[in-house]
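Protein chains in written order, with our numbering: chain A, 1 to 351; chain B, 1001 to 1351; chain C, 2001 to 2226; chain D, 3001 to 3226.
Hints may be right or wrong, so weigh each one.
Below, in silico cross-link-like pairs of lysine to aspartate or glutamate (EDC-like), each with a Cα-Cα straight-line distance of 20 Å or less [stated by the list, open to error]:
#1 D:K3060 with D:E3130
#2 A:K119 with C:D2133
#3 A:K159 with B:E1325
#4 B:K1341 with B:D1191
#5 B:K1159 with A:D305
#6 A:K91 with A:D140
#7 B:K1159 with A:D182
#8 A:K91 with A:D104
#9 A:K91 with C:D2133
#10 A:K159 with A:E80
#11 B:K1159 with A:E307
#12 A:K159 with A:E148
#13 B:K1091 with B:D1114
#14 A:K159 with B:E1298
#15 A:K341 with A:D235
#16 A:K341 with A:E325
#17 B:K1091 with D:D3133
#18 A:K341 with B:D1182
#19 A:K159 with B:E1226
#20 A:K159 with B:E1307
#21 B:K1159 with A:E226
#22 A:K341 with A:E226
#23 B:K1159 with B:D1191
#24 A:K341 with A:E290
#25 A:K91 with A:D114
#26 B:K1119 with D:D3133
#27 A:K91 with A:E111
#28 A:K159 with A:E173
#29 A:K341 with A:E238
#30 B:K1341 with B:E1274
#31 A:K159 with B:D1182
#32 B:K1341 with A:E325
#33 B:K1341 with B:E1230
#34 B:K1159 with A:E298
Keep in mind the hints are simulated off the structure, nothing from the lab.
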Amino acid sequence: MTLELSRLRKAYGQFDFGPVDLTVEDDVLAVLGPSGSGKTTLLPLIAGITSPDSGSIQLDGRELVGLPLEDRHVGMVFQEGALFPHMTARKNIEYAATASERVDELATLLELEDVLDRKPPTLSGGERQRVALARTLATDPDVLLLDEPLSSLDAPIRKRLRDELHSLFESLESPILYVTHDQRTATSLGDRIALVRDGDLEQVGSPSTVLTRPTSRFVARFTGNENLFEGTVTDRTEDGATVLLGDIQFETTASDIHTSTVTVCIHPSRVEIEAPYVADGDRTANTVTETVARWLNEGSEYRIDIEIEAGSITLTANVRPPTFERLALENGSEVQVLIPKESIHLIPERE
Amino acid sequence: MTLELSRLRKAYGQFDFGPVDLTVEDDVLAVLGPSGSGKTTLLPLIAGITSPDSGSIQLDGRELVGLPLEDRHVGMVFQEGALFPHMTARKNIEYAATASERVDELATLLELEDVLDRKPPTLSGGERQRVALARTLATDPDVLLLDEPLSSLDAPIRKRLRDELHSLFESLESPILYVTHDQRTATSLGDRIALVRDGDLEQVGSPSTVLTRPTSRFVARFTGNENLFEGTVTDRTEDGATVLLGDIQFETTASDIHTSTVTVCIHPSRVEIEAPYVADGDRTANTVTETVARWLNEGSEYRIDIEIEAGSITLTANVRPPTFERLALENGSEVQVLIPKESIHLIPERE
Amino acid sequence: MISLFLSVPAEDILARMNHPTVIDSATTSLLSASISTVVATLFGLPLAYWLARTDGAVTKIVLVVVVLPLVLPPTVVGIVLLTVFGPSSPLGEAAIAAGFPLTRSLAGVVLAQTFVASPFVVVTAKAAFESVDQTLEYASRSLGKSRWTTARHVTLPLAGPGILAGVTLAFARAIGEFGATMMLAYYPRTMPVQIWVAFIELGLDNAYPVAILLVLIASTALVVLN
Amino acid sequence: MISLFLSVPAEDILARMNHPTVIDSATTSLLSASISTVVATLFGLPLAYWLARTDGAVTKIVLVVVVLPLVLPPTVVGIVLLTVFGPSSPLGEAAIAAGFPLTRSLAGVVLAQTFVASPFVVVTAKAAFESVDQTLEYASRSLGKSRWTTARHVTLPLAGPGILAGVTLAFARAIGEFGATMMLAYYPRTMPVQIWVAFIELGLDNAYPVAILLVLIASTALVVLN
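Just chain A, same shape as in the assembly (with noise of 0.2 Å):
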């Protein structure tokens, strides 16, 4: 199957949302944005909710827009399940399977078996989330459409729904559309990620993609990006560019920048930490010795925020618990920064 939209066009007010062009394969494409980018119109679009000012959303080449909710073979996971608080969970699922054998099919692996013949109001939010899901798979939708369906889960119910979903997607053929404002599902599900800003696609492409080559400072913020710095491109080889940040210099592998501005990005979990005079080994990266200004004990992980060039610049690293420990790293620490050539992305100014 083949969803293809294009020139997709809504405006509400003073929001325009599109023009959109976008084609999803047999793939997951996660669709992430902050709140009010518009990323929760585009499933309503898809599914028949909302129609467009202009544009068009092809299924295999059938046209869609115009056709009712009902005629369109597009299954839509709402966000907190819309489950018909009347019925059980069977009758949920049963008022949507085209035969009875796929309820116990479905209710199987979606291990819901349990739960069948209670009513939605008395499941929890992980079961809820499963018997939607349940109930809209019985109808063997052409795409599968899935709005936050983890967003309102606490923490370890939304990781192992999570990896139950991304087995499942795995399963399926068809295209899916994952709307969510969460960096991590998004990454962790997502096969693409599109991001959404202002009503645009502000990118598209793989979670890996995204994450170390943003196009732009937005989607570098939106991903957890919080070093970016203006920097001033010095030289341009075949093997990279070098940059200048402050009065320090770094050598990048980045190619095709032709503006002397950029914008300097460097991820978080891509810096190095060691203790001073360590030395590096066998790779090359540009290094520096500077000292800890602070540091934040996230759970899984340490942010740490070094000053450089005398606290004009402000780098955070992420460091992971057993390294912090071992380097005793406090407020003060000197510290050996490493950033490998390739971890330093450069954005380029926008005319």
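Once you've looked at the hints, dock chains B, C and D against the given chain A.
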């Protein structure tokens, strides 16, 4: 100021909160728990919105139970801000302020100068929370209560406001209780974390203690620790205990273990991955060589599932992106897993 | 209310309840109020659904028109109805010619009652429909179910209690209608009119039996429907 | 409605509007409806606030009692009021002795109107108070403000529009009251009664001027209050 809760109890129908004993001095206590755990019951009790069935709440020896809200000098920041929608931001703060200079002072502190004349519905989520915080601080409360003020914000704004709160909390000299369901927020803002489960305090301690030395499977799971296995203690020495996991022996530094059945608890951020046959250097760690079963890109880190004991145990490790790329990990890769002795925590079986 | 039941000896009341004027008025009231309620429900429900699911200027204007009878004084309602359906109006003349007079007839009573009772169905059912999360309807239709199936299996069951409350209120309002009925159809006498006549002609004591019976019938309807 | 305004020539209506009976009834109606509305608001607002902020069996019972006049047929209301306040009741006798009769007087009109209009204030204001998030009240009080300061600066301003709508509805209902007024206070004649009298004694055409004036006054009140 010292806030002291003694034998505090409150029953809601089927649900029982407490009895809770808790003392908070001039530090930040993060109250962490899943939805429905009763963590949201605590703040209304202290603020005076609800009355306890029994027990006492004392502030420097002054009994609060029985006093009306308005006489407690307890400041509360509500989940969505609870700003008065018919008043501008300035009027909201003025309403609470004892002196009018205080309004401008707080506006400067919280960077609100530009939005003072706007009404709450036109403010962004982050601005609303800042105004709510300013309004509460304007009364110079003896205790500061915060009810998930960041939960509805987008990631970049949440991160920024969290950092601001961190600095603010350090400058305040009063007990602060911060309720959240997010482990990261609790870890980074709390001087101590209190884990709430089914209306009881399950564990209270510093973030690193709660994270690395959980007293129960529940705490471990809720703070992001997925590696929980049933093990048998085979040997105890002065330096620690040896534990059998399937057929593999692990050495630990655990002491005070008196049961032979234990839950072995290894935080994914403390499992280290190396290429096979790379020497471990001078650290002593438990080492096994196994294969990668699955990996997941989680944005700033990769999650690697490693099958141990022919798949009967799945060990999860968090790996930084540079390490992941350096080792060129993929499904089926053979890796050396290193688990430092002190990173293996044992939870005794409950009788 | 309690004074109403205590003011006259019970056997006295029971005896007077058998009086033909009492029985006649009770029959007229029950019949007319039932017809009015059914008519109001049949027309009111679709209108309420449309009002609940549509936004815009037209919706607002229609809503004002629908609510009007709620605030209009009953005697003014009577005059409006007489002007439109009265014997000297074109519609009224045509109806009389067809042997079906719209005033001083059961049709007139039903007309007056329907006019004042309909807003209750529309307003309450509208609120009931609005309380059904529209997302549930979208969910049902995205599962391949038609609008009609969705309405029958999702919307109506969920809006049911609210709609029933509206229908009950409409019945209560219809059976109690006085002002417009007095002007449009003094005959056949409904119970509220009979109370008035009994009070004027025979005094307060004689109005009690009909009043008690009316309260009993209305309360029974409230209990049965809820 | 439109037919009401078109049915008689304008100058004709204006001439008849100057008739003393019309002016008298307009004065009575305006005065009594205003008093009734004020009384209903004074007692209804605190009650509505209490109902909105309290849960439990007592609240429910009080609510049922308050709503009762909404579904009670107007003539039954008249009988109930006569039984309690009528000349032969202890209360009525005492009032007559004090030179302040509760029937066939302005007091009687106000009594009837207040009885039927109060529920509108209570029900609408209750909904308005409920729509004010209680968290805002807690927030205000946790800032050190008393219940009274909170009510004045937070609750009332936010519930204002809803309360005003209830007061308007109460006024409209009071000025239109017919059934209970007929029984409790045929004199002094209010406009709805005057419409009835004009219709019965002089025919439909003579009822138009009062009806038009009544609709105009009621609509003006609706516009002014909103």
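Evaluation of the provided hints:
no. : hint                 : verdict
1   : D:K3060 with D:E3130 : holds (15 Å)
2   : A:K119 with C:D2133  : holds (17 Å)
3   : A:K159 with B:E1325  : violated (24 Å)
4   : B:K1341 with B:D1191 : violated (26 Å)
5   : B:K1159 with A:D305  : holds (14 Å)
6   : A:K91 with A:D140    : holds (17 Å)
7   : B:K1159 with A:D182  : holds (13 Å)
8   : A:K91 with A:D104    : holds (12 Å)
9   : A:K91 with C:D2133   : holds (19 Å)
10  : A:K159 with A:E80    : holds (17 Å)
11  : B:K1159 with A:E307  : holds (19 Å)
12  : A:K159 with A:E148   : holds (14 Å)
13  : B:K1091 with B:D1114 : holds (14 Å)
14  : A:K159 with B:E1298  : holds (11 Å)
15  : A:K341 with A:D235   : holds (14 Å)
16  : A:K341 with A:E325   : violated (26 Å)
17  : B:K1091 with D:D3133 : holds (19 Å)
18  : A:K341 with B:D1182  : violated (35 Å)
19  : A:K159 with B:E1226  : holds (10 Å)
20  : A:K159 with B:E1307  : holds (19 Å)
21  : B:K1159 with A:E226  : holds (10 Å)
22  : A:K341 with A:E226   : holds (18 Å)
23  : B:K1159 with B:D1191 : holds (18 Å)
24  : A:K341 with A:E290   : holds (19 Å)
25  : A:K91 with A:D114    : holds (14 Å)
26  : B:K1119 with D:D3133 : holds (17 Å)
27  : A:K91 with A:E111    : holds (16 Å)
28  : A:K159 with A:E173   : violated (23 Å)
29  : A:K341 with A:E238   : holds (14 Å)
30  : B:K1341 with B:E1274 : holds (17 Å)
31  : A:K159 with B:D1182  : holds (13 Å)
32  : B:K1341 with A:E325  : holds (14 Å)
33  : B:K1341 with B:E1230 : holds (17 Å)
34  : B:K1159 with A:E298  : holds (11 Å)
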